[in-house]
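**Q** The chain contents come next:
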Amino acid sequence: DQQVKQNSPSLSVQEGRISILNCDYTNSMFDYFLWYKKYPAEGPTFLISISSIKDKNEDGRFTVFLNKSAKHLSLHIVPSQPGDSAVYFCAASVYGGATNKLIFGTGTLLAVQP
Amino acid sequence: DTAVSQTPKYLVTQMGNDKSIKCEQNLGHDTMYWYKQDSKKFLKIMFSYNNKELIINETVPNRFSPKSPDKAHLNLHINSLELGDSAVYFCASRGRTSTDTQYFGPGTRLTVL
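As you go down the protein sequences, you meet chains A and P in turn. With my numbering applied, the first sequence has no gaps in its numbers, which climb one by one up to 111 at the end. With my numbering applied, the second sequence has no gaps in its numbers, which climb one by one up to 123 at the end.
Extracted from the complex, chain A is given alone in its bound form (with noise of 0.2 Å):
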């Protein structure tokens, strides 16, 4: 039962366009969404965060969206860099306490091509 789901595996976008990255939740109890990247070796990286009473927040390139109602948000990357290349996870999460633990979705690769 996965409730976080990314159903891209893979994107590839031209450098300087635009990359955006989609996931779909299913529980409603979710109120904290995250977005994780990872290069190849390494540990995931906090990337940018909205909790459920915001429906964008940005970050200088990154901006993330949410929309409660269809439970799904995306990640948008302008403009997008061959840096960029990398997993991204998306992630949920009840907000607040001890016991909070992160949902991840499967993971999308993104392949920005110079």
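Read the hints as simulated data drawn from the structure, not as lab findings. The beta carbon of each residue, even a glycine, is placed where N, CA and C say it ideally should be. Honestly, I wouldn't trust all of these hints.
Heads up, simulated DSSO-like pairs for lysine-lysine below, C-alpha to C-alpha not over 30 Å straight-line [unchecked claim]:
hint: 1; chain 1: P; residue 1: K32; chain 2: P; residue 2: K77
hint: 2; chain 1: P; residue 1: K29; chain 2: A; residue 2: K65
hint: 3; chain 1: P; residue 1: K32; chain 2: A; residue 2: K51
hint: 4; chain 1: P; residue 1: K19; chain 2: A; residue 2: K53
hint: 5; chain 1: P; residue 1: K19; chain 2: P; residue 2: K32
hint: 6; chain 1: P; residue 1: K62; chain 2: P; residue 2: K51
Some but not every residue of chain P turned toward chain A, in silico, with C-beta under 8 Å [what the hints assert, rightly or not]:
hint: 7; residue: K29
hint: 8; residue: F74
hint: 9; residue: Q112
hint: 10; residue: F114
hint: 11; residue: G117
Since chain A is already given, all that's left is putting chain P on it; use the hints.
**A** Just chain P now, with coordinates in the frame of chain A:
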């Protein structure tokens, strides 16, 4: 200055052996986690400790036993290793701030032959 570190980075061993993976964080965080990334690249939580107390124990075989000697360390001991235990194991930690940001270690690739 590494925030979350794990040793070893690679571990190759025979079926039936017992092995340990160590994790240390210097972020002053209260909560630490072990995750397993399987061959399908799915990252799944195994355990979580808060101030040395076990607070999350997912459906994991009893052969896996976490140990937290202090807040900064969370080790994972695995008995009677099986082929299916081959995976990448990630340690993570999280503070008491208002976010759920978890910081991950570099991972330990375990290969059971």
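**Q** A separate judgement is required for each hint: does it hold in the structure or not?
**A** Do the hints match the structure? See the list:
1. Of the supplied pair hints, the one linking K32 of chain P and K77 of chain P holds, its CA atoms being roughly 9 Å apart against a limit of 30 Å.
2. Under the criterion of a C-alpha separation no larger than 30 Å, the hint pairing K29 of chain P with K65 of chain A is inconsistent with the structure, at around 44 Å.
3. Of the pairs offered as hints, the one joining K32 of chain P and K51 of chain A is violated, with about 38 Å between alpha carbons and a cut-off of 30 Å exceeded.
4. Restraint check for K19 of chain P and K53 of chain A: not satisfied, since their Cα atoms lie roughly 37 Å apart, outside the 30 Å limit.
5. Annotation: proposed proximity of K19 of chain P to K32 of chain P holds, straight-line Cα distance about 10 Å (limit 30 Å).
6. Note on K62 of chain P and K51 of chain P: the hinted pairing holds, with a Cα-Cα distance of about 29 Å set against a maximum of 30 Å.
7. Because the beta carbon of K29 of chain P sits about 20 Å from the nearest beta carbon in chain A, more than 8 Å, this interface hint is broken.
8. Taken as an interface hint, F74 of chain P does not check out: its beta carbon lies about 16 Å from the nearest beta carbon of chain A, beyond 8 Å.
9. For Q112 of chain P, the interface hint holds, since its Cβ comes within 8 Å of a Cβ in chain A; the closest pair sits about 6 Å apart.
10. Satisfaction of the interface hint for F114 of chain P is found here, the shortest Cβ-Cβ separation to chain A being roughly 3 Å, below the 8 Å cut-off.
11. Interface restraint check: G117 of chain P against chain A, minimum CB-CB distance 5 Å, threshold 8 Å, status holds.
Of the hints listed earlier, those the structure fails to meet are numbers 2, 3, 4, 7, 8, in rising order.
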